[in-house]
Amino acid sequence: MNAPAYNFAYLDEQTKRMIRRAILKAIAIPGYQVPFASREMPMPYGWGTGGVQVTAALLGPQDVLKVIDQGSDDTTNAISIRKFFAKTAGVATTTATDEATVIQTRHRIPEKALNENQVLVYQVPIPEPLRFLEPRETETRRMHALAEYGLMHVKLYEDIARFGHIATAYAYPVKVNARYVMDPSPTPKFDNPKMDNCPALQLFGAGREKRIYAIPPYTQVVSLDFEDHPFEPYRFNAPCALCGAENSYLDEIVTDDQGGRMFVCSDTDYCEGRQAAGHRGSLSAAPYKEKAQEASNG
Amino acid sequence: MTTIAELPPGFADKVLSAQSTFRSVMDAMARPGSVQQIVPMVGTPGPMMRGTAAIALTLFDHDTPLWLDARMAESSDVTKWLKFHTGAPVVQDASIASFALIGDGDALPSLERFALGTSEYPDRSTTVIIQVDSLNSGRSFELRGPGIGGVATLQASIKPLDLFERLRMNEALFPRGIDVVLVADDAVVAIPRTTRVVSRGI
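Chains as they are written, first to last, in the numbering used here: chain F, -1 to 296; chain P, 8 to 209.
Some clues are possibly wrong.
Not everything, but these chain P residues come out facing chain F in the computed CB check (under 7 angstroms) [to be verified]: (1) G17; (2) A37; (3) F91; (4) L123; (5) S126; (6) E127; (7) G154; (8) V158; (9) A179; (10) P182.
Label-pair distances were calculated between CB atoms; the ranges are [stated by the list, open to error]: (11) F:A3 with P:T10: 32 to 42 angstroms; (12) P:S141 with F:Y168: 42 to 52 angstroms; (13) F:T74 with P:D140: 50 to 60 angstroms; (14) F:E132 with P:V98: 41 to 51 angstroms; (15) F:T73 with P:E81: 51 to 61 angstroms; (16) F:Y155 with P:E127: 18 to 28 angstroms; (17) P:D111 with F:A167: 53 to 63 angstroms; (18) F:A176 with P:A114: 33 to 43 angstroms; (19) F:E135 with P:I103: 49 to 59 angstroms.
Just so you know, the hints here were simulated from the structure itself, not pulled from any lab data.
Just so you know, even glycine gets a beta-carbon here, dropped at the ideal spot from N, CA and C.
With the rest of the complex left out, here is chain F (with noise of 0.2 angstroms):
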């Protein structure tokens, strides 16, 4: 018997109709977190089982996936739900933004913007935002219902008091369709703006928590402020030191112990992009300099 133990995609179809059913309810009602039976996946809590899952239900063999962890395409997590979907369901993967119908994300949104034909799917660790504030279920659910988010701003105001400016530096919170406050998944707040009124469908799955969301496209999604504390996306003050871009988000990599440190885009597909595209930072190494001396020479 060579026949694959699993079904197309892994999940058997009841499990893919219960998931279809809350994803459904999720995009109806923007920002709200619907309960679903999440499934143990082949791999453990923590690791992306609320992405994977919403991933599953959705997959189809025409879909063109792309997986991210932390921006990159070439890290473990993103590597290895990849060729879970490449074994399971047989599509066609990628590392291109542009090519991809489904975008699995772990914490970063691309830096190319998204368009009407993709779905972002979120993993997701703790889908309630309210939760470090408040641990009861049972609080959270009614000050949800009741649109009670004064502790929220609560706790922004805190960290004004405490640090003179909102120290949250992601999952930070944010308002979607102007009723439901929402966790982004811990992304840095410099995503939070390409959350806002985006053509792409975005789904959020929380696997260990068993809770599935959704932001419709064209949906506002307002960054919590005040007045006299607006928003502000974070990033480091520098131009990616490989592909010199200064409108990216930026990961710092430690490259000694003498305080020596280098800051590189975390989209790893949107940088070599860049690179590919002949733009240079203070870094760039091999192959580009030697082709740039190779052309030079003649």
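The hints should help you fit chain P onto chain F, whose structure is shown.
For chain P alone, coordinates are given in the frame of chain F:
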């Protein structure tokens, strides 16, 4: 009297047909007013349209109580087909239904009779699937809301004629509310509870 052997068929390929149908419905729900096509072929028992049957096979199972309007319920082909292919329990009480199938829009009951969800769990609401005459000709409607960049225009001939007036209750109820899926043969349009519709006349 139809035997099981004579029932209209389900999907030829259960897995991929359900996936393709789901994507059409998901796109419809994500982009209210846009007309999505349901591609897979499926048998059409009694008054059930192709699109409705495909949606039933894609989303219904033993976990989804189902409410049928008189036009659907009185067709033994429909009830047998649903029972055989989906196993979804048919309920008389619309307020506990996950899905409602409406074959005759003129006889659509008051929307308050369906499950509207609760403030804590607004997702526990009925998705009402209404078969309509056309989703590409007829009266013109302007739609706004999440999923729509600016304004979407829908041309449709829908019964009941006052459907969108009745759906205005979603505005006051939100986040509770009713989500509607309109089906005309193989075409699908979704009107989730966030969509605001203005009739522009003929």
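Status of the hint placing A179 of chain P at chain F (closest C-beta pair under 7 angstroms)
violated (13 angstroms)
Holds or violated: 18 to 28 angstroms for the Cβ distance of Y155 of chain F and E127 of chain P?
holds (27 angstroms)
Tell me if G154 of chain P is really an interface residue toward chain F, meaning its C-beta lies closer than 7 angstroms to one of theirs.
holds (4 angstroms)
Would you say the C-beta atoms of D111 of chain P and A167 of chain F sit inside 53 to 63 angstroms of each other?
holds (56 angstroms)
Quick one: are S141 of chain P and Y168 of chain F within 42 to 52 angstroms, going by C-beta?
holds (49 angstroms)
Mind checking the CB of S126 of chain P against every CB in chain F and telling me if the closest is under 7 angstroms?
With a closest approach of 4 angstroms, the S126 of chain P hint holds.
Could you see if the CB distance from E135 of chain F to I103 of chain P stays within 49 to 59 angstroms?
Check failed, 24 angstroms falls outside 49 to 59 angstroms.
Is 50 to 60 angstroms respected by the C-beta to C-beta distance linking T74 of chain F and D140 of chain P?
holds (54 angstroms)
Hint status (Cβ of G17 of chain P to nearest Cβ of chain F, threshold 7 angstroms):
With a closest approach of 12 angstroms, the G17 of chain P hint is violated.
Please verify that hint: A37 of chain P, Cβ, nearest Cβ of chain F, below 7 angstroms or not.
Where the cut-off is 7 angstroms and the nearest Cβ of chain F is about 5 angstroms from A37 of chain P, the hint holds.
Is 33 to 43 angstroms respected by the C-beta to C-beta distance linking A176 of chain F and A114 of chain P?
This hint holds: roughly 36 angstroms between Cβ atoms.
Hold the hint about P182 of chain P up to the distance rule: shortest CB distance to chain F must be less than 7 angstroms.
holds (5 angstroms)
Checked against the numbered hints above, the structure breaks hints 1, 3, 4, 8, 9, 14 and 19 and satisfies the rest.
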